[in-house]
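Here are the chains, one letter per residue:
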Amino acid sequence: MATISTVGTSERAAGDVRRRTSDLARAQARAGYLFVLPTSVLYLTFVIAPVIVTCILAFAYYDPMLGSRWVGFDNFIRFFTDRRSLQILWNTLRFAFFAVTFNVLVGLILALALNRAMPRWLLYFFRLSFFLPVIIAAAFVSIVWGYFFADDLGIINYYLRLMGLPSVRWLTDANQAMTSIIVMDVWKNTGFFMIIFIAALQGVPRSIIEAAVMDGTPAWRQFLRITLPYISPVVFFCIVYASIGALQVFESITILTQGGPGDATRSLSILIVEEGFGSFQIGYAASISVVMTVIILIITAVQQLLSRKWVQ
Amino acid sequence: MDNVLATRAMKRWVDAAIIAVMIVLAIGMLLPFLWLFSMSFRSVADAYKMPPSFLPPSLDFSNYVEVLTSRVPFVRIYVNSILVAVVVTVGQLVTCTFAAFAFARLRFRGRDALFFILLIGLMFPAQVTILPIYLGYARLGLLNQPIGLALMYLTSSFGVFLIRQFMLSQPKALEEAALMDGAGYFKIFWRISLPQLRPALSALGIITFTQTWNYYFQARVLLGPEESMTLPIAMDVLRGYMASGNLSVVMAAMSMSILPVVLLFLIAQKFVIEGITMSGIKT
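Read top to bottom, the protein sequences are chains A and B. With the first letter of the first sequence counted as 1, position 114 gets the number 114 in this note's numbering; the numbers rise by one all the way through. With the first letter of the second sequence counted as 1, position 134 gets the number 134 in this note's numbering; the numbers rise by one all the way through.
Extracted from the complex, chain A is given alone in its bound form (with noise of 0.2 Å):
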């Protein structure tokens, strides 16, 4: 009797546990879905919706006062068939692969020159200096570089003039305008990759280097062989934050040339600002736009199937 009844109840208290696991896990997932709900709305209106709107804007020739109509693929045909979209297309890739190489390249050996013992106020000056450009809108420091790079009122003419040198029409030569407004990204953003390797540095362990010292392997091997293979995700993060940054680049070039001289500077977000709200070619708008995510996307995409194969 009194152990049939033990089973019994033990029967019993089991049934009770994993009831009350399974209202547990009821009362979690519930909790869950609550404390994602406010960001999952904000995210399905602001970012999720537009997103399918402005793809479907994009197969579209939107007019809400006589009526929109479909019209296929025609709004790509025209941006990948104008020669003056393609300019602009072909100088926002260029823009992006020059800014992104040097603001990484740069951010880098800033950080390896950083990467040693210093006191730390001497750490707080850098990073202070370095970093200041990156937290500053570029629309401050574009109207800045405005007046360095002007012409005859200019700094650095001022300054190049005084030592003898011939003056640089910087952002009014058309061969020039480009990178003279790399060399502003450059300054601008280079701090914050230096900040992301300097950490990465602190990362790779110390006595892996110091064997190799003690080997008497010279600095760049050490570079090539161990630091830089155990940083490598670390290089392949910055390579596609820079990359998605670059490609929306808008507010320097709107500044510092309005996209002149001629078309030589001008930028895919340039151009969806000006088809889109300057003419109210919405559709193609959009078009272009969604041209621009496809590019990031790839790039990401690719970057991510690299960085699998080649990282450790």
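Take the hints with a grain of salt, since some may be wrong.
[Said to hold, decoys possible] Some chain A residues well away from chain B (every beta-carbon gap over 12 Å; in silico):
{"#": "1", "residue": "Ile56"}
{"#": "2", "residue": "Leu57"}
{"#": "3", "residue": "Val71"}
{"#": "4", "residue": "Phe76"}
{"#": "5", "residue": "Leu165"}
{"#": "6", "residue": "Asp173"}
{"#": "7", "residue": "Ala174"}
{"#": "8", "residue": "Asn175"}
{"#": "9", "residue": "Gly191"}
{"#": "10", "residue": "Gly259"}
[To be verified] Listing some non-contacts, in silico: residues in chain A with all C-beta distances to chain B over 12 Å:
{"#": "11", "residue": "Trp70"}
{"#": "12", "residue": "Ile77"}
{"#": "13", "residue": "Leu86"}
{"#": "14", "residue": "Phe98"}
{"#": "15", "residue": "Phe102"}
{"#": "16", "residue": "Leu105"}
{"#": "17", "residue": "Ile136"}
{"#": "18", "residue": "Asp152"}
{"#": "19", "residue": "Val168"}
{"#": "20", "residue": "Arg169"}
{"#": "21", "residue": "Ala211"}
{"#": "22", "residue": "Arg221"}
{"#": "23", "residue": "Leu224"}
{"#": "24", "residue": "Gly260"}
{"#": "25", "residue": "Pro261"}
{"#": "26", "residue": "Gly262"}
[Claimed, not checked] Computed Cβ-Cβ distance ranges for the label pairs, DEER-style:
{"#": "27", "chain 1": "B", "residue 1": "Arg76", "chain 2": "A", "residue 2": "Trp70", "range": "19 to 27 Å"}
{"#": "28", "chain 1": "B", "residue 1": "Ala20", "chain 2": "A", "residue 2": "Gln176", "range": "27 to 35 Å"}
{"#": "29", "chain 1": "A", "residue 1": "Pro64", "chain 2": "B", "residue 2": "Ile147", "range": "37 to 45 Å"}
{"#": "30", "chain 1": "B", "residue 1": "Leu31", "chain 2": "A", "residue 2": "Met214", "range": "40 to 48 Å"}
{"#": "31", "chain 1": "A", "residue 1": "Leu224", "chain 2": "B", "residue 2": "Arg8", "range": "18 to 26 Å"}
{"#": "32", "chain 1": "B", "residue 1": "Asp181", "chain 2": "A", "residue 2": "Leu297", "range": "42 to 50 Å"}
{"#": "33", "chain 1": "B", "residue 1": "Arg76", "chain 2": "A", "residue 2": "Leu306", "range": "48 to 56 Å"}
{"#": "34", "chain 1": "A", "residue 1": "Leu306", "chain 2": "B", "residue 2": "Leu266", "range": "34 to 42 Å"}
{"#": "35", "chain 1": "B", "residue 1": "Ala20", "chain 2": "A", "residue 2": "Met214", "range": "22 to 30 Å"}
{"#": "36", "chain 1": "B", "residue 1": "Ser70", "chain 2": "A", "residue 2": "Lys309", "range": "55 to 63 Å"}
Simulated from the structure, these hints should not be mistaken for laboratory data. Ideal placement from N, C-alpha and C gives every residue a C-beta, glycine not left out.
Following the hints, put chain B in place on chain A, whose structure we already have.
Then chain B, alone, in the frame of chain A:
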């Protein structure tokens, strides 16, 4: 032994030389800021005189007064900027920590898929969302309203990701113990998780405030009239008005515009740096 000592001595020299070069570079990085700050104190008559100054020639605030009394409603624009940045920062701190708590600590169906979809958002540029938002705002009367700009950014994939990363690195023993004691999930979130998140919240708060303060593309599309503008777009307008002579006045406006961000960074450099490395390294 001699060899080791010699390499050590040489290493010390190399270190010193590199640091010296870096100091020169670091000062070079600061020149545009030194210039803009110094120029804001130059009298209008001397604005374009060469050589430029990189240290304030006087402490004459008349250019600042001129900005505040100019045709551009600078005070109004400044208030707009503060409003947008504060609303967005507070909004993100709330929504992102809520979501991060769910993603890091709770189990529910579809959690990982949802998180993945949220992360994809990091790759969508503002350019691909702005047209429908503009059209929608036009219908709802939210165009030319600073608050419209704020609404767009009440949550962010980056914020959720950052806080979740940080939460995952924290032990969850306390939270589990509280659950065993029968505490509700909201109470656990509020009493136990949130206090542990202070460094991550500071980082996200500062990064979000700075980012919002600096929005240009979105602001330029959504905000037309001067009274509705935020500082980055207003600066361009101000420059237009002042183009012919008043470089000093533009730079006074600029100094005031970058002040909050610079102060924030001077005070809380540590949190910004930690926040950025936290999100950058652990991807």
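Each hint, compared with the structure:
| no. | hint | result |
| --- | --- | --- |
| 1 | Ile56 | violated (9 Å) |
| 2 | Leu57 | violated (6 Å) |
| 3 | Val71 | holds (16 Å) |
| 4 | Phe76 | holds (14 Å) |
| 5 | Leu165 | holds (15 Å) |
| 6 | Asp173 | holds (21 Å) |
| 7 | Ala174 | holds (23 Å) |
| 8 | Asn175 | holds (24 Å) |
| 9 | Gly191 | violated (8 Å) |
| 10 | Gly259 | holds (14 Å) |
| 11 | Trp70 | holds (17 Å) |
| 12 | Ile77 | holds (20 Å) |
| 13 | Leu86 | holds (18 Å) |
| 14 | Phe98 | holds (19 Å) |
| 15 | Phe102 | holds (15 Å) |
| 16 | Leu105 | holds (15 Å) |
| 17 | Ile136 | violated (5 Å) |
| 18 | Asp152 | violated (10 Å) |
| 19 | Val168 | holds (17 Å) |
| 20 | Arg169 | holds (18 Å) |
| 21 | Ala211 | holds (14 Å) |
| 22 | Arg221 | holds (16 Å) |
| 23 | Leu224 | holds (19 Å) |
| 24 | Gly260 | holds (16 Å) |
| 25 | Pro261 | holds (18 Å) |
| 26 | Gly262 | holds (21 Å) |
| 27 | B/Arg76 - A/Trp70: 19 to 27 Å | violated (44 Å) |
| 28 | B/Ala20 - A/Gln176: 27 to 35 Å | holds (32 Å) |
| 29 | A/Pro64 - B/Ile147: 37 to 45 Å | violated (24 Å) |
| 30 | B/Leu31 - A/Met214: 40 to 48 Å | holds (42 Å) |
| 31 | A/Leu224 - B/Arg8: 18 to 26 Å | holds (23 Å) |
| 32 | B/Asp181 - A/Leu297: 42 to 50 Å | holds (47 Å) |
| 33 | B/Arg76 - A/Leu306: 48 to 56 Å | holds (50 Å) |
| 34 | A/Leu306 - B/Leu266: 34 to 42 Å | holds (39 Å) |
| 35 | B/Ala20 - A/Met214: 22 to 30 Å | holds (28 Å) |
| 36 | B/Ser70 - A/Lys309: 55 to 63 Å | holds (58 Å) |
Violated hints for the displayed structure, listed by number in ascending order: 1, 2, 9, 17, 18, 27, 29.
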